[in-house]
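**Student:** One letter stands for each residue in the lines below.
Number of protein chains: 2
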Amino acid sequence: MKFRYWFCISVVLFFCKSLSAQGHSIDKDPDSIIVRHIFEESLSGTEIPEHLYYLTKKIGHRISGSAQAERAVKWIEHQLRALEADTVYLQPVKIPVWTRGAKERAFIQTGNGNVQTVSVLALGGSVSTQGALSAEVVEIRSWEELNEMPEEKIKGKFVFYNRAMDASMPDPFDAYLEAVDQRSIGAIEAARKGAVGALVRSLTLAKDNSPHTGAMQYAENVRKVPAAALSTLGADALSKALKENPTLKFSLEMHCSPQPDVLSHNVIAEIKGNYYPEEFITIGAHTDTWDVGEGASDDASGIVQTIEALRLFKTLNLVPKRSIRFIFYMNEESGAHGGKEYASEARKKGEIHLASIESDAGGFQPVGFRFDGAPETIQQVQKYSSFLSLYGIDGIKENQRGVDIAPMKGASEVLLSLDCESHRLFDIHHSALDTLDKLNFREVSLGAAAMTTMAYLISEYGL
Amino acid sequence: MKFRYWFCISVVLFFCKSLSAQGHSIDKDPDSIIVRHIFEESLSGTEIPEHLYYLTKKIGHRISGSAQAERAVKWIEHQLRALEADTVYLQPVKIPVWTRGAKERAFIQTGNGNVQTVSVLALGGSVSTQGALSAEVVEIRSWEELNEMPEEKIKGKFVFYNRAMDASMPDPFDAYLEAVDQRSIGAIEAARKGAVGALVRSLTLAKDNSPHTGAMQYAENVRKVPAAALSTLGADALSKALKENPTLKFSLEMHCSPQPDVLSHNVIAEIKGNYYPEEFITIGAHTDTWDVGEGASDDASGIVQTIEALRLFKTLNLVPKRSIRFIFYMNEESGAHGGKEYASEARKKGEIHLASIESDAGGFQPVGFRFDGAPETIQQVQKYSSFLSLYGIDGIKENQRGVDIAPMKGASEVLLSLDCESHRLFDIHHSALDTLDKLNFREVSLGAAAMTTMAYLISEYGL
Numbered sequence: 001m002k003f004r005y006w007f008c009i010s011v012v013l014f015f016c017k018s019l020s021a022q023g024h025s026i027d028k029d030p031d032s033i034i035v036r037h038i039f040e041e042s043l044s045g046t047e048i049p050e051h052l053y054y055l056t057k058k059i060g061h062r063i064s065g066s067a068q069a070e071r072a073v074k075w076i077e078h079q080l081r082a083l084e085a086d087t088v089y090l091q092p093v094k095i096p097v098w099t100r101g102a103k104e105r106a107f108i109q110t111g112n113g114n115v116q117t118v119s120v121l122a123l124g125g126s127v128s129t130q131g132a133l134s135a136e137v138v139e140i141r142s143w144e145e146l147n148e149m150p151e152e153k154i155k156g157k158f159v160f161y162n163r164a165m166d167a168s169m170p171d172p173f174d175a176y177l178e179a180v181d182q183r184s185i186g187a188i189e190a191a192r193k194g195a196v197g198a199l200v201r202s203l204t205l206a207k208d209n210s211p212h213t214g215a216m217q218y219a220e221n222v223r224k225v226p227a228a229a230l231s232t233l234g235a236d237a238l239s240k241a242l243k244e245n246p247t248l249k250f251s252l253e254m255h256c257s258p259q260p261d262v263l264s265h266n267v268i269a270e271i272k273g274n275y276y277p278e279e280f281i282t283i284g285a286h287t288d289t290w291d292v293g294e295g296a297s298d299d300a301s302g303i304v305q306t307i308e309a310l311r312l313f314k315t316l317n318l319v320p321k322r323s324i325r326f327i328f329y330m331n332e333e334s335g336a337h338g339g340k341e342y343a344s345e346a347r348k349k350g351e352i353h354l355a356s357i358e359s360d361a362g363g364f365q366p367v368g369f370r371f372d373g374a375p376e377t378i379q380q381v382q383k384y385s386s387f388l389s390l391y392g393i394d395g396i397k398e399n400q401r402g403v404d405i406a407p408m409k410g411a412s413e414v415l416l417s418l419d420c421e422s423h424r425l426f427d428i429h430h431s432a433l434d435t436l437d438k439l440n441f442r443e444v445s446l447g448a449a450a451m452t453t454m455a456y457l458i459s460e461y462g463l
Numbered sequence: 001m002k003f004r005y006w007f008c009i010s011v012v013l014f015f016c017k018s019l020s021a022q023g024h025s026i027d028k029d030p031d032s033i034i035v036r037h038i039f040e041e042s043l044s045g046t047e048i049p050e051h052l053y054y055l056t057k058k059i060g061h062r063i064s065g066s067a068q069a070e071r072a073v074k075w076i077e078h079q080l081r082a083l084e085a086d087t088v089y090l091q092p093v094k095i096p097v098w099t100r101g102a103k104e105r106a107f108i109q110t111g112n113g114n115v116q117t118v119s120v121l122a123l124g125g126s127v128s129t130q131g132a133l134s135a136e137v138v139e140i141r142s143w144e145e146l147n148e149m150p151e152e153k154i155k156g157k158f159v160f161y162n163r164a165m166d167a168s169m170p171d172p173f174d175a176y177l178e179a180v181d182q183r184s185i186g187a188i189e190a191a192r193k194g195a196v197g198a199l200v201r202s203l204t205l206a207k208d209n210s211p212h213t214g215a216m217q218y219a220e221n222v223r224k225v226p227a228a229a230l231s232t233l234g235a236d237a238l239s240k241a242l243k244e245n246p247t248l249k250f251s252l253e254m255h256c257s258p259q260p261d262v263l264s265h266n267v268i269a270e271i272k273g274n275y276y277p278e279e280f281i282t283i284g285a286h287t288d289t290w291d292v293g294e295g296a297s298d299d300a301s302g303i304v305q306t307i308e309a310l311r312l313f314k315t316l317n318l319v320p321k322r323s324i325r326f327i328f329y330m331n332e333e334s335g336a337h338g339g340k341e342y343a344s345e346a347r348k349k350g351e352i353h354l355a356s357i358e359s360d361a362g363g364f365q366p367v368g369f370r371f372d373g374a375p376e377t378i379q380q381v382q383k384y385s386s387f388l389s390l391y392g393i394d395g396i397k398e399n400q401r402g403v404d405i406a407p408m409k410g411a412s413e414v415l416l417s418l419d420c421e422s423h424r425l426f427d428i429h430h431s432a433l434d435t436l437d438k439l440n441f442r443e444v445s446l447g448a449a450a451m452t453t454m455a456y457l458i459s460e461y462g463l
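Chains as they are written, first to last, in full-length UniProt numbering: chain A, 1 to 463; chain B, 1 to 463.
Hints are supplied without guarantee of correctness; some may be wrong.
Since the list gives no way to pick one copy over another, a pair counts as held whenever it fits inside one copy or between any two copies.
[To be verified] In the EDC-like style, the derived pairs of lysine to aspartate or glutamate whose C-alpha atoms are separated by at most 20 Å in a straight line are:
| no. | residue 1 | residue 2 |
| --- | --- | --- |
| 1 | Lys193 | Glu136 |
| 2 | Lys207 | Glu50 |
| 3 | Lys155 | Glu145 |
| 4 | Lys207 | Glu47 |
| 5 | Lys240 | Glu278 |
| 6 | Lys28 | Asp208 |
| 7 | Lys243 | Asp437 |
| 8 | Lys193 | Glu84 |
| 9 | Lys340 | Asp437 |
| 10 | Lys272 | Glu152 |
| 11 | Lys74 | Glu178 |
| 12 | Lys57 | Asp208 |
| 13 | Lys193 | Glu50 |
Quick caveat, the hints were computed from the structure, so don't treat them as lab data.
Given these sequences and hints, build the entire structure.
**Tutor:** Now the structure itself:
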């Protein structure tokens with residue numbers, strides 16, 4: 001297989017005068033042929049199904065600092081060595097650790113002695129409730145509502161953030177970004193007004209009993225209060241119960257706790273460029289997950305795509321002009337210390353980065369890339385993306401969304417995050433439902449081929 | 001909700017001079033605003049989840065002639081009346097009936113007394129095996145191979161069609177269309193050479209033990225031999241066993257049988273146009289399914305989208321210039337007698353049809369429409385589809401794929417089949433895996449909104 005492909009490509013290259021990606025005629029110029037080979041190989045010869053199975057079923061979820069996360073680091077390193085990258089190494093990263101603890105439970109005390117159980121998940125980083133915490137609840141639908149409410153109405157109570165994601169928006173990812181502040185800073189703003197805890201409606205458009213966790217923040221000099229995500233059905237039930245009895249009590253018990261920092265690693269592999277080895281294009285994804293489900297979509301899909309990108313370069317004997325780095329970041333979910341460490345080192349060494357590419361948008365049908373970079377570079381990126389039009393992956397939109405590549409802003413000419421259909425993503429995101437069966441192997445393969453194509457063309461022709 | 005929308009739309013229409021869909025500026029002209037309302041309403045106010053649940057879980061699969069198919073007809077009629085369409089009626093259709101029978105089993109007799117079970121499903125329309133049928137097997141990978149093979153090598157044996165769908169093709173639907181002839185005419189071509197039966201590799205890219213059924217044909221004056229689909233893992237196992245022992249025997253037992261024709265119905269609802277009531281645009285899908293799984297993707301998704309399209313017209317008070325018909329065809333899967341009957345009646349009455357729209361491509365993320373019509377009409381269709389670009393549904397490709405609207409070719413100015421991502425479709429198509437959990441409600445809603453938009457714009461501005 002390997003040999004046949006290389007032979008085809010070589011023959012074609014020999015007979016073609018121009019390699020220019022500009023003004024390419026799809027199906028005839030050698031770049032188009034290479035792109036087709038990348039996609040055909042990824043759709044038919046990939047090990048993505050086996051790799052996804054291993055990460056999700058053999059290792060499982062992989063929260064920062066866990067034994068599973070460390071197993072994933074070792075497994076990834078092993079895969080990269082087996083694919084015979086020119087270099088494979090581990091980059092040390094100091095990361096925060098947080099454990100959920102054994103017990104999590106919540107219920108509404110409806111007043112007449114009855115209780116109604118609500119599914120909850122502690123938000124990542126939350127402090128414990130120190131036993132059961134029982135208090136009244138103030139429901140809040142906007143920051144204005146919270147700001148205008150006098151402190152005495154909040155003091156000693158839970159603030160219940162119940163602003164739902166807007167289902168009418170075309171892209172659920174936008175609806176998520178518009179609602180996520182409740183989860184990120186809800187505990188801080190609640191505590192500023194004297195609340196004893198924060199309850200946050202899960203960030204999903206699905207109506208079910210599966211809560212969705214995610215990162216939250218505390219601020220210096222503001223009391224740390226526990227914060228939990230309620231399932232959407234639980235949030236609806238609480239809201240309804242509050243209408244009937246505004247002084248009902250809500251009981252929350254969570255045994256989660258922050259732990260001392262530990263040392264973990266980014267995994268990095270490299271294929272050396274044969275013209276400009278000191279210039280880099282990176283492709284990456286994050287190794288860690290939350291501690292529920294299997295982290296299939298977030299971000300096993302990105303991990304296997306990045307391994308697949310390396311496999312495609314090697315199998316198709318694509319020798320890049322610039323060096324390609326394949327980066328497996330640690331700790332995206334709770335601080336992105338891996339991404340920050342990589343950027344900090346790259347800046348210290350004065351490395352030249354043309355493009356930082358990341359896959360962390362769910363692994364569903366890819367539709368293009370999200371872009372951040374100087375305006376004069378976007379046209380070139382759009383030209384390269386036109387090679388992906390046959391597969392429907394040629395959209396270039398602004399506002400790149402990769403958390404791990406964000407620290408490279410300014411140090412890398414462009415940042416590109418793989419953009420995927422997100423209708424399915426937020427049904428499962430950061431929840432027990434993020435499992436292997438939700439993914440489609442072909443959709444994951446297409447994302448790998450798209451990143452490989454983009455990295456290859458940037459490596460060949462620059463920006 | 002109803003009133004608010006209509007008020008907004010009316011105010012906008014009043015203040016805008018031009019309604020032209022040509023040269024529209026997205027977000028400002030009244031058509032764009034109407035399209036946005038269509039999508040917002042379908043994404044946030046739809047009953048699609050409840051309708052899908054009823055069709056798939058309460059009724060279940062709905063093969064032509066079954067009690068479930070008749071329940072679906074009644075349920076659809078009830079929904080259309082509840083939505084207060086101007087007219088709702090049933091169109092009688094005579095349909096063929098076929099039953100699978102109680103028992104289906106197959107195994108490879110490996111020669112040393114061992115047997116290996118293989119998952120099979122009779123193809124739809126197949127005759128029974130009349131007890132267990134045991135014979136040698138000839139594996140065939142192409143029609144050339146079959147044609148060149150002398151009759152004596154085939155006589156008395158099973159012909160085993162094992163040409164897999166081509167995974168490297170960008171669109172699995174194309175790979176399906178390229179391989180489906182094995183299922184359609186495999187039994188005929190096998191019988192012509194004296195075979196006792198046809199075994200067909202399931203038309204899917206998934207590797208599993210779930211066989212995929214589908215329609216097959218017999219020809220006059222050619223012996224009717226039984227035909228079964230083998231799961232892909234079963235086909236691989238048989239192929240491997242044949243390499244080890246070319247004279248092994250395969251045993252197949254199926255109790256299926258064709259039954260006498262019965263009378264069933266297309267269900268049709270209408271909203272009368274207020275300018276050209278005698279001109280029609282149709283939106284439709286098929287009520288019947290195969291007799292395994294739940295027919296969720298094929299074609300409960302299309303059914304609920306068509307009901308939703310009616311709901312959107314009514315809820316948003318969209319009064320079309322031309323009449324809109326909502327058609328629920330019976331018997332797409334085994335002869336398309338519903339589609340043929342509708343077209344035959346429309347021709348007889350000399351009805352004017354501008355567009356026949358169908359949803360039968362799986363109900364996954366819609367990407368546009370497949371078109372068939374006079375070349376001069378495609379530009380107008382493309383203009384209308386540009387209204388769908390915000391949702392990624394603006395692709396117009398040739399080769400419409402709707403089986404029920406195909407008989408309207410020539411009688412309808414354009415045929416438009418909703419085009420969807422098909423990476424997920426063929427994993428479940430015509431199999432026990434076609435169940436509700438595979439669908440995403442937002443993706444289904446987007447398809448409904450896209451068909452509604454297209455019908456509305458054609459009704460307003462013609463072709």
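**Student:** Check the structure against each numbered hint from earlier and tell me which ones fail, lowest number first.
**Tutor:** 5, 6, 7, 8, 9, 10, 11, 13
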